[in-house]
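Peer 1: Read top to bottom, the protein sequences are chains A and B.
For the first sequence, position 385 (counting from the first letter as 1) is numbered 385 according to the working numbering, and the numbering increases by one without interruption.
For the second sequence, position 320 (counting from the first letter as 1) is numbered 320 according to the working numbering, and the numbering increases by one without interruption.
Simulated from the structure, these hints should not be mistaken for laboratory data.
All residues carry an ideal CB built from backbone N, CA and C; glycine is no exception.
Any given hint could turn out to be false.
If you anchor each label on the Cβ, the simulated ranges turn out as follows [said to hold, decoys possible]:
no.	chain 1	residue 1	chain 2	residue 2	range
1	A	Gly-367	B	Val-206	19 to 27 Å
2	B	Val-403	A	Arg-155	43 to 51 Å
3	B	Leu-415	A	Arg-32	39 to 47 Å
4	A	Thr-311	B	Pro-395	50 to 58 Å
5	B	Arg-414	A	Tyr-233	32 to 40 Å
6	B	Val-206	A	Ser-81	36 to 44 Å
7	A	Arg-66	B	Asp-167	53 to 61 Å
8	B	Leu-27	A	Leu-25	34 to 42 Å
9	B	Leu-415	A	Asp-213	41 to 49 Å
10	A	Tyr-233	B	Pro-23	37 to 45 Å
Covered, in the sense of this in silico footprint (three residues per stretch, anywhere, with C-beta under 8 Å from a C-beta of chain B), are these stretches of chain A [said to hold, decoys possible]:
no.	segment
11	18–25
12	112–122
13	230–238
14	308–315
Chain B is faced by these chain A residues, among others (derived, beta-carbon under 7 Å) [said to hold, decoys possible]:
no.	residue
15	Ser-12
16	Val-36
17	Ile-42
18	Leu-43
19	Gly-245
20	Leu-246
21	Gly-378
22	Gly-382
Each chain, written out:
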Amino acid sequence: MSSSRLSPRVSSLGRFLFGAMLALLVVDLGLRLIEVTPLWRILPVVQPILGQPDKDFGFESTPGGRGIWTTEHRARLQLNSLGLRDVERDLAKPAGTFRIGLLGDSMVEAAQVSQQATFGAIAERRLRADGYNIELINLAIAGPNPIRQLWRLERRGYPLNLDLVIANSAASSFLSGKLLDDSENPAYVHTGNGQLAVGYGFRERFSQRHADDLMGRLFVALYQNSPVFRMLYLRSTEPWSVLLGLPSAQSVSQRSVMGLPPPASEAARFACDQAAAALEPMIHLWRDHRPELLWAATARFLDDMAQSTQTHGVRLFYAIRDIPLPPPDCPATSARASLLLAMDREFASRGILLIDWSAAVANVVGGPAEVPRLHGFGVHKGAGHLNYDGHRAWATALIGVLRRAVPLGAASEDSAPATHADR
Amino acid sequence: MAFNSLAYALLLTLTVAWMAIGPLRALMLIVASLIFYAAAGPFDMLVFVGAVVLNWLIQVAVPADRRRILAAVIVNIGLIGYFKYRNMLLGETSPAGSFIDVTLPLGISFYSFQALAYHIDVVRGRNGPARSFPEFFLFKAFFPQLIAGPIVRPNQTLPQIQRIFDDKSRRHRLLVFGLSLIVLGLVKKVVLADSLAPVVDDIFYVPPDSAYLAWLGAVLFLFQIYFDFSGYSDIAIGSAYLLGIRLPRNFATPFLASSIQELWQRWHITLTLFLRDYVFLPLADMRLVARRYRAMQHFCAIVLTMTLCGLWHGAGWNFVLWGTLQGIAMVFAALWSRYLPSPPAPLGWAATITFFVVTLVFFRSPNLGYAFNYLDTMLSFRGGWPTVADDAAPPWEVVAGVVGLFALHWIEFRLQQPGVLRVMRRAEGPVSRGFLSGVALLLILIPVTNVNPFIYFRF
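Isolated chain B (complex conformation):
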């Protein structure tokens, strides 16, 4: 069920209302989560419920030591491996020929990683285990974060879920905060991402014949994927807030970063932290080489972690190369900061964004050959200055539009300042709730000319 659908608005409204006044709140949340996921179809549902049951069996049947971690790795990585990487390993391409694999069970990359984090944290004593299967089920299935994150850690949500089971759930009074996040997310998804999607699709449909179009396609995709995924995260966090659960932040205006490390600290934060804690740190801390080579091991760990990050995003060599390039850039930036003076912030920002835009071509392309072909055009001066033909927008309008997108990003940054929260507290009340609910409903009802599911649903 998509967040930008009337069905979701109804489900959320009914669940929030029930959570406010009804009994058996935990059961209601489980039922709502099942309804939410049922829209994906019976096969996806079967895989999801199977994964939850298997992970619960691991908890009850395997001792809480390395054997449990091993079992969790086998089950969860096995699931992702089977559904996501089978074709890649067998040398087959996605049946849709798209950069998104539509046959992948919905959200499998997210809920598998979440289960893995759960078992590792429980074994390491960072968190107590779920006390019952329903508790564990709700931790895994809590619908606002079920299919595309944020990837939550047990210590972030399990205690909150346990409070719901104990009937001591927190009822957030600042409803305007949750509603504002939902409206912000809908604006990003419905107004911006879905509007950019057809333009990006058209440009990437056949490799563009001019550098102007190639750059335009890549820059617009940068914003499309950001608005799409951060919009999803905002709606997820806002919805969870209305249900009394706080989810971690997933984006912090990444395109204002002045280095690649900073960008990754602000982009898909929960995945970055997951990879840092469960992949990078174990790899970097392993005593594999002599002390004088530890820096080298550290850099190799960065590259390997980011390569895995690329692979997590998609089963294709283009994703692998995309991740590896991010890792290499991080090593380069680390070496630069160690041996050379920092560049002026605007220069660092421009270099970071340019690098990210160029490498995103690998992310968006259906395969490596296409990506190199696209980049060949992008990094040339082919096509010259664009001419206006066939009702096309004049180049100055296009450039103004791109500048406007960066300006919107900056405005979003300003909206995240603490002062805005104070304004919300003052504005809290029926009028603002009615206003935000109305805007959210109307945004959902905006006619769609192309159906664009959230991109990260299929990662």
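Just chain A, with the same shape it has in the complex:
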């Protein structure tokens, strides 16, 4: 039917929609242009989704994925051909090289800074400058569930012929219940006979059910390749009040009286109370093995990690961070020591070396009070992911751990200048 036969209204609507489609293309082009020019540092870009649904893993990163990370701080993000947030690595380990895999969550993945600025890359550079023939490979993937690290290690880590794995998790991630939540990735679920088994509840999700069909593949291709489509998809997942841009309850409450920090004289007591409150559930879990189900999942996870690494002949260090460091003379100091004893017992009994990462980092920067400045960027400094100072401090802490606990091969520790490793 020719357009002249259409009613004027339908014809107008058609032309209006054509104009709207043109707008989609123009904005998409504009966003791409920003990404490939230095304007990416400042103008709006749409954060990438560097993965796709995966039937075994829940969500797996896409090899070669790239984009501009915008949350907290902007950085160019590029996954290598193995799907790792790292430089290109050969699967075959070069002769004489000591290969370490860094497992962890978003703190280790470190999307907020460039790859060269991550603590793993800094530590590798420093150690190589000191003559150590070493590779530190970033295997991390964002997500609060420690179990993701196990699957990640099995799929991406072992093919790299690792000599050592250093996992890094927040102490709170064992308390969050994520180990028992299989709605996004495999997790331990309670079976009828009182046992825990690996559950794949996430496979019931719409995105998983259609992961392999044409619609699912098209959807993934669109959100990975079209900034506008990705933007529309990401916005569609927001709550209605946020999507509409209505003022939230939080912004209204910000207009009332602002919470004031405690006076300096009470700061130590405040910090002590806070540390004691945060330590309490950790002690319940690691020393008293309560709640039982949570402990059962934690113990199962540690068993699986230990068994997996032993089967592949890889040593495992486990760095637990965010175990509160109470100020001196605080009664919670003894509670912390008791917690570490209990944790060490659990890890050591499975052949895993526990690293008190909070203390290691605090030692590097001169005490717990200095740790907050390692997190966050600009006006948000003090909380969030690691900033550049944070990565430098973590690199120093990591080198310290390695120098103490590992025979690093090519160059002897004695011949390496200490100043390089400790700076």
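Mind docking chain B on chain A? Use the hints.
Peer 2: Just chain B now, kept in the frame of chain A:
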């Protein structure tokens, strides 16, 4: 409700559609305005409705002479004084510790000034009064200009509003013009101002330790506030145009001005005209001193007017000093033009922009002490040539970016030429409407990493 929100896009679309085909258009506009302002919260709503009712009572109860002006001054300046300057007079600081007072009822500085202008113009016979409370309410509450201007005078919008009540409203056919203004405003706000905001915030968070960073912070703030406020004004004018009401222009590419007077004639034009007509002219024309001292009185009136302009922008001594410095610069420029030959235009432009950038530090700083500290770094050579560390942009990219911002300003100037309007007339049609609506919608949907409300909402 922010202009760059989906809620506003829906409200505007529904209101424009209703204005095109529905009955009771004036009532619809009032309802839309109330919905728009309700997003600010019940307290702000209460203050606003209270202010409208008080001003209406002044009209119906106080005779149309100096007593009405006095009553209007007491009510409107009293409202601003109570909410905006109470803390300053009591020596307290803003609870947020920010250069923006978040506890201020939304748009109070704008709607109070507008009400004051209304009463003065009615008493002086420049304009007839509103014929009914709904008419008066809509004049005050018309949502595109409610919370951050342009500050309209009764003779600019009241007759248009009365036509809507008489069901004889003008229906603008050049929808592309209104949509283009909205898109331009969204580009300024979403793409530019909101992108500059986190960088400026980071630099001003702690006083910078190098002159390079200090200058960068001040120059970027110059563009942030311009894009933010002129973007808001463009969206307001564009939205009003779609609803059949023409609002006055508020910005005319001010950073192309080659003197400080010209800059103020092109920056926040409706406020400048308000201050000229209701503050400066009465002060300058008052017979206070002998004829030979009238020039002195004229200059004092300029400085005082600009000091009040500074105070209007914020309840802090940094704003007072900022305004006073603008006034002194205007007097200096006036004396220069009287006794000395005009400098070449590029030199005048450079001096004007440099002065405006430097004095904006007072505007952006939370207090005077911070501002002097910042300026101390800015006007030194501390820090030397910047080094590239921690993924930072190389200085050449930063300089190119700043040059690009000035280039964008010049492009905006070119877009305001009459030829562009002719192009729009030719392009008017469903395709261009669909295109501009689509672009506007997508700009609204661009993810925000930091929530940056329009800066002038809280002035």
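Peer 1: Hints first: check each against the structure and report whether it holds.
Peer 2: Hints versus structure:
Evaluation of the 19 to 27 Å hint for A/Gly-367 and B/Val-206 yields a pass: the beta carbon distance comes to about 21 Å. The given range of 43 to 51 Å is respected by B/Val-403 and A/Arg-155, whose C-beta atoms sit roughly 49 Å from each other. Our hint of 39 to 47 Å for B/Leu-415 and A/Arg-32 is violated, since their Cβ atoms are close to 24 Å apart. In this structure the hint that A/Thr-311 and B/Pro-395 lie 50 to 58 Å apart at CB holds, the actual value being about 53 Å.
For B/Arg-414 paired with A/Tyr-233, a C-beta distance near 37 Å keeps the hint of 32 to 40 Å intact. With their beta carbons about 42 Å apart, B/Val-206 and A/Ser-81 fall inside the hinted range of 36 to 44 Å. Taken as a hint, the range 53 to 61 Å holds for the pair A/Arg-66 and B/Asp-167, whose Cβ atoms sit roughly 58 Å apart. Our hint of 34 to 42 Å for B/Leu-27 and A/Leu-25 holds, since their Cβ atoms are close to 40 Å apart.
As the Cβ distance of B/Leu-415 to A/Asp-213 is approximately 47 Å, the hint placing it in 41 to 49 Å holds. For the pair A/Tyr-233 and B/Pro-23, the supplied restraint of 37 to 45 Å holds, since their beta-carbon distance comes to about 40 Å. Coverage of a stretch by a chain is defined here by at least three residues with a beta carbon nearer than 8 Å to that chain's beta carbons; for the segment 18–25 of chain A and chain B the count is 7, and the condition holds. Coverage of a stretch by a chain is defined here by at least three residues with a beta carbon nearer than 8 Å to that chain's beta carbons; for the segment 112–122 of chain A and chain B the count is 3, and the condition holds.
Judged by the Cβ-Cβ criterion of 8 Å, the segment 230–238 of chain A is covered by chain B as claimed, because 4 of its residues qualify and three suffice. For the segment 308–315 of chain A, the stated coverage by chain B is not satisfied: 0 residues place a CB nearer than 8 Å to a CB of that chain, which falls below the threshold of 3. Interface restraint check: A/Ser-12 against chain B, minimum CB-CB distance 4 Å, threshold 7 Å, status holds. Residue-level restraint check for A/Val-36 is violated (minimum Cβ-Cβ distance to chain B is 14 Å; threshold 7 Å).
Because the beta carbon of A/Ile-42 sits about 5 Å from the nearest beta carbon in chain B, less than 7 Å, this interface hint is met. Checking A/Leu-43 against chain B: minimum C-beta separation of about 5 Å stays under 7 Å; hint holds. For A/Gly-245, the interface hint holds, since its Cβ comes within 7 Å of a Cβ in chain B; the closest pair sits about 3 Å apart. A least Cβ separation of about 6 Å between A/Leu-246 and chain B falls short of the 7 Å threshold, and the interface hint therefore holds.
Annotation: interface hint on A/Gly-378 holds; nearest CB of chain B at approximately 3 Å, less than 7 Å. Below 7 Å, beta-carbon pairs count as interface contacts, and A/Gly-382 has none with chain B, the closest being about 11 Å; its hint is therefore violated.
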